[in-house]
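Protein chains: 2
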Amino acid sequence: MEKIGFIGLGTMGKPMALNLLKAGYNLIVNDIHPSLLKEAIDAGAERAESAKEIAERADIIITMLPDSPDVEAVVFGINGLVEGIQKGSLFIDMSTIAPATSQKVFRAMQEKGVEALDAPVSGGEVGAQQASLSIMVGGSADAFKRALPIFQVVGKNIVHIGPEGAGQVTKACNQIVVGQTIQAVAEAMTFAKKSGVDVAKVRDALLGGFAQSRILDLHGNRILERNFEPGFRVELHRKDLNIALQTARELGLSLPVTAIVAENMNALIAMGYGQKDHSALALLSEKLADV
Amino acid sequence: MEKIGFIGLGTMGKPMALNLLKAGYNLIVNDIHPSLLKEAIDAGAERAESAKEIAERADIIITMLPDSPDVEAVVFGINGLVEGIQKGSLFIDMSTIAPATSQKVFRAMQEKGVEALDAPVSGGEVGAQQASLSIMVGGSADAFKRALPIFQVVGKNIVHIGPEGAGQVTKACNQIVVGQTIQAVAEAMTFAKKSGVDVAKVRDALLGGFAQSRILDLHGNRILERNFEPGFRVELHRKDLNIALQTARELGLSLPVTAIVAENMNALIAMGYGQKDHSALALLSEKLADV
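Taken in order, these protein sequences are the chains called A and B.
Just so we're aligned, residue 12 is where the first sequence starts under this note's numbering, counting upward by one.
Just so we're aligned, residue 12 is where the second sequence starts under this note's numbering, counting upward by one.
For the record, the hints were derived by calculation from the structure and aren't laboratory data.
None of the hints are false.
Repeated chains share a single entry, so a pair holds when one copy, or any two copies, can fit it.
Cross-link-like lysine to any residue pairs, in silico, SDA-like; alpha carbons within 20 Å at most:
1. Lys205 / Pro267
2. Lys156 / Gln121
3. Lys115 / Gly207
4. Lys205 / Ala270
5. Lys205 / Gly263
6. Lys212 / Leu159
7. Lys167 / Ser143
8. Lys33 / Glu136
9. Lys204 / Arg233
10. Lys205 / Leu262
11. Lys98 / Lys123
12. Lys212 / Asp153
13. Lys167 / Lys212
14. Lys212 / Ile169
15. Lys204 / Gln114
16. Lys250 / Ala270
17. Lys204 / Glu261
18. Lys115 / Phe87
19. Lys98 / Arg157
Looking at chain A on its own, in the form it has when it is part of the complex (with noise of 0.2 Å):
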């Protein structure tokens, strides 16, 4: 079995390297917050102390950090994973980041004979624990042949959309449209709040017709219920769609609307939100009502 290498034991990478273990791989891993390492080494992992070190010693490598800055400084840093990286070696960045930022990478490992796949996630922490992740994937056939094997054990609904970057182009998409639709019915909600309408009712009227969205079912019920605690939190919704509104100015185009909806989660932090649910979208569309 493959030695596999794991960066980033945060909210989504820990979990993430537990079910790995679980299945029987050795794993190699690595964290800037050496406190973020301990149940991951007493589950069996092996401890590395840089990046270049798992370059150096696993065949496949994984990361799972926050945003576009820190896998550069992963990949490209001092002690970086280019410095060790083994011809061969396939590398599997699963963080959201920006679509420029993966295919700058995967230029840079294809250099070292390296193949690289860009595979952002969704399904939050609770997917993460449950194995239950759904897995954008960008990168050649070939590359997505040899990691699925990994991705089954990580997640379920496992897409491969094209070539690099491809997989953070569909990331990007998904936060745009699940942004929008919590933004749509916080909207809506609180019209019907503000008019004095049983707000449960409009819901289920609603979810028969063409308004049904899985975000009104389930961001719907949260709001109905007052349960603001992430979650998916407004903090990672806004790095995210800063990371869409960012390669719309690059591509050179307008994405109205997401711009309003990460201008809201500004907002929702402003207010003291950050840290909750992105369905605390509904707290600002009340706030905007006075209910």
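For this one, chain A is given, so just place chain B on it according to the hints.
Frame of chain A, contents of chain B only:
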């Protein structure tokens, strides 16, 4: 069997009236465009010269009209319904109009000893033809019970939401969510297209996760297939969003993204797409991306 008066035999009203005739109801009909009456009269409906005459002769009066001023004209105008309506009659307005107008009509009917329901529908022309409309109803439980057999002839998903106006509030919520969700899908699919990624694969991947919606499925498919024939016309959806925004101003709340989507529909109309399906919001996104 009670005699039904039916006013407004346009795109929606005509198939609904024909379904009621097919179910064996006696119908007396009127429209300001006499040419629209022919089919219903050929199918056995009686013709009335005015709304007042319908009010005098029918037990239950249904209106299916384009907008609030049309309903006000039929109810309060010269030879209008209130001039002839009989105590104990039931008035059902199935038009999509402002909740405040529905409430004003309700009170006027109440003064005449007449129950009124606001019962806007969704499902479009196809839903009207196939008798599969969703019907969102506001008014008393007794009036709803009396109207239910009629609703069951023309629709399927029939929900009594609350008191007078509650049906219109629900319909406005539906149009808020549907409009914004199409906008979300349009921005995401345009982003994928401009990125050079396979848009159909992105849609497939998104349908498997939190971004799932009936809009992503059906309207997303329309966008892929470049099928912008209605369906539901941009001009009508803009009218419905105007109702939502006007009502929001009266109630005192802000619907920032609903306002942007309404403006985007204004742009579509300026571009000559007013008679296209509302999924044409993708055409505006594509214009803003030069793809």
